[in-house]
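Colleague: In order, the protein sequence lines correspond to chains A and B.
Just so you know, the numbering used here puts 261 at position 261 of the first sequence, and the rest follows in order with no gaps.
Just so you know, the numbering used here puts 130 at position 130 of the second sequence, and the rest follows in order with no gaps.
The set of hints was computed from the structure by calculation and includes no laboratory data.
You can trust all of the hints, since none of them are fake.
If several chains are the same, the list does not tell them apart, and a pair holds so long as it fits within one copy or across any two.
Mimicking DSS-like on lysine-lysine, the simulated pairs with C-alpha atoms at most 27 angstroms apart in a straight line are: (1) Lys65 / Lys132; (2) Lys76 / Lys132; (3) Lys46 / Lys152; (4) Lys124 / Lys152; (5) Lys101 / Lys76; (6) Lys169 / Lys124.
Being a predicted model, the structure only gives us computed values, none of them experimental.
2 protein chains.
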Amino acid sequence: MKKKKIIIVKLGGSAITAKDDSKPEVNAANLERLAGEIAEALKEDKFSLFIVHGAGPYGHVPAKKYELNSGLKSTKQVIGISDTHHSMEGLNYIVVTALRKEGLPAIALQPSAGGILKNGKLIKFPLDVIKKMLGMGLVPVSYGDVLIDEDKGISILSGDHLVPYLAEKLKADRVILVADVPGVFDKDPKKNPDAKIIKELGRKSVRQIREIGSAKGTDVTGGMKGKLDELLHLADMDIESEIISGFAPGDLERALLGVRGIGTIIKKDS
Amino acid sequence: MKKKKIIIVKLGGSAITAKDDSKPEVNAANLERLAGEIAEALKEDKFSLFIVHGAGPYGHVPAKKYELNSGLKSTKQVIGISDTHHSMEGLNYIVVTALRKEGLPAIALQPSAGGILKNGKLIKFPLDVIKKMLGMGLVPVSYGDVLIDEDKGISILSGDHLVPYLAEKLKADRVILVADVPGVFDKDPKKNPDAKIIKELGRKSVRQIREIGSAKGTDVTGGMKGKLDELLHLADMDIESEIISGFAPGDLERALLGVRGIGTIIKKDS
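Starting from the given sequences, assemble the full structure and let the hints guide the process.
Modeller: In structure tokens:
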């Protein structure tokens, strides 16, 4: 039996939650549309799909309040671990429900139930379970979470760290990042109406952009630094990723069905 | 640092869900009372606690509909895996919320995210993560779930199988099973108003009861056969368990605080 392609989709927190950081709220209309596009694309039965979603205010607010990313330093943080995970699980339940409403056999995958970090980097994740789930056609839906950390006691696993980890370990064929921007711009689009989306990025071009930026005192990749560094690492292993907009109807479905170049592609030797 | 005692509590499905099998519904009043008793007992900070809850109609109905315990035989079951897990996760979210309302640092622990069965028996579970959670004072809350099975593709992990597995692996000091009966009766209490709770059970006494029962054509341990067999296995390893009522106010709190003999104790050499 020929192995199906594996696609990993990251639904950015900014694409599925409301922007107001003061209260956790879902962007239900956008989430439902994205779920519909995923279901449409999966109908052609061409690939296995793993979904990771971001946190938005659901995770960032309690994680910041209890300084969970600094490690376990006080017993006062323990209730914060419970708060943060419970909040993220609430969001995950809503995302899985939205996907199931479209008929998808979606299944939650709680990172903190089996994953372990070491100084913030994943060193253990239930890949055996995930491979079996993908093999039988389930759509696992995972997320950023607070995990046991071998060095720090606890630490935050961000969706942006989980996605490339899974892409590498599962030998994914494609990684699609659904963001609130249509890709990486060549200039700050807020200040430059003529800013354009960079079609392809790699280590070389990112270095050039950063050099230009540092001469000008700005870095257009700055806001995406963590994300880009992870994706460049993935590109080193020849796994291509693409950042697309979560607000342009049809873009996710087209990307899932194989259209490349809708947003910014991050690949080797660019 | 002295290692705290570890107690494992099973909140039976019959104690926290409504009895009507046709619709999944929580017995909110009873769940809240039990959560309150757990919180009270934990205030004395004498033990670490792991909670497992049963399924009631939340798990049994979809699992039966899709015959998940017979293994993966058809692609039609895949949506049933999603249905069953999502339903159980919904119940788990309610249970964790009830515990958190009492101030407990409760945290969900999804069995299917890391556990693996082999012909229905657990062969893998994230014990490393669980030990760290217990060590920092978190209260993990796990449940019956549908898991990857190495032989059968998928299979059901029941709470009654998970509890003794964890008790053995975590070297638990005490196991408390909260049921809808106050223990194991010596006669069928529905037919015999003078039926009494058996105070202690072990392999020897269970054998005697079953011999008497088979002579009379009845077995008073019949309804609890699977549960008792697992608990007797635990008793062989010198881990004592006790079945108590989930409907007698105060019983769970007292049991957690060390009172023995409220219900039926299952122990070695009885």
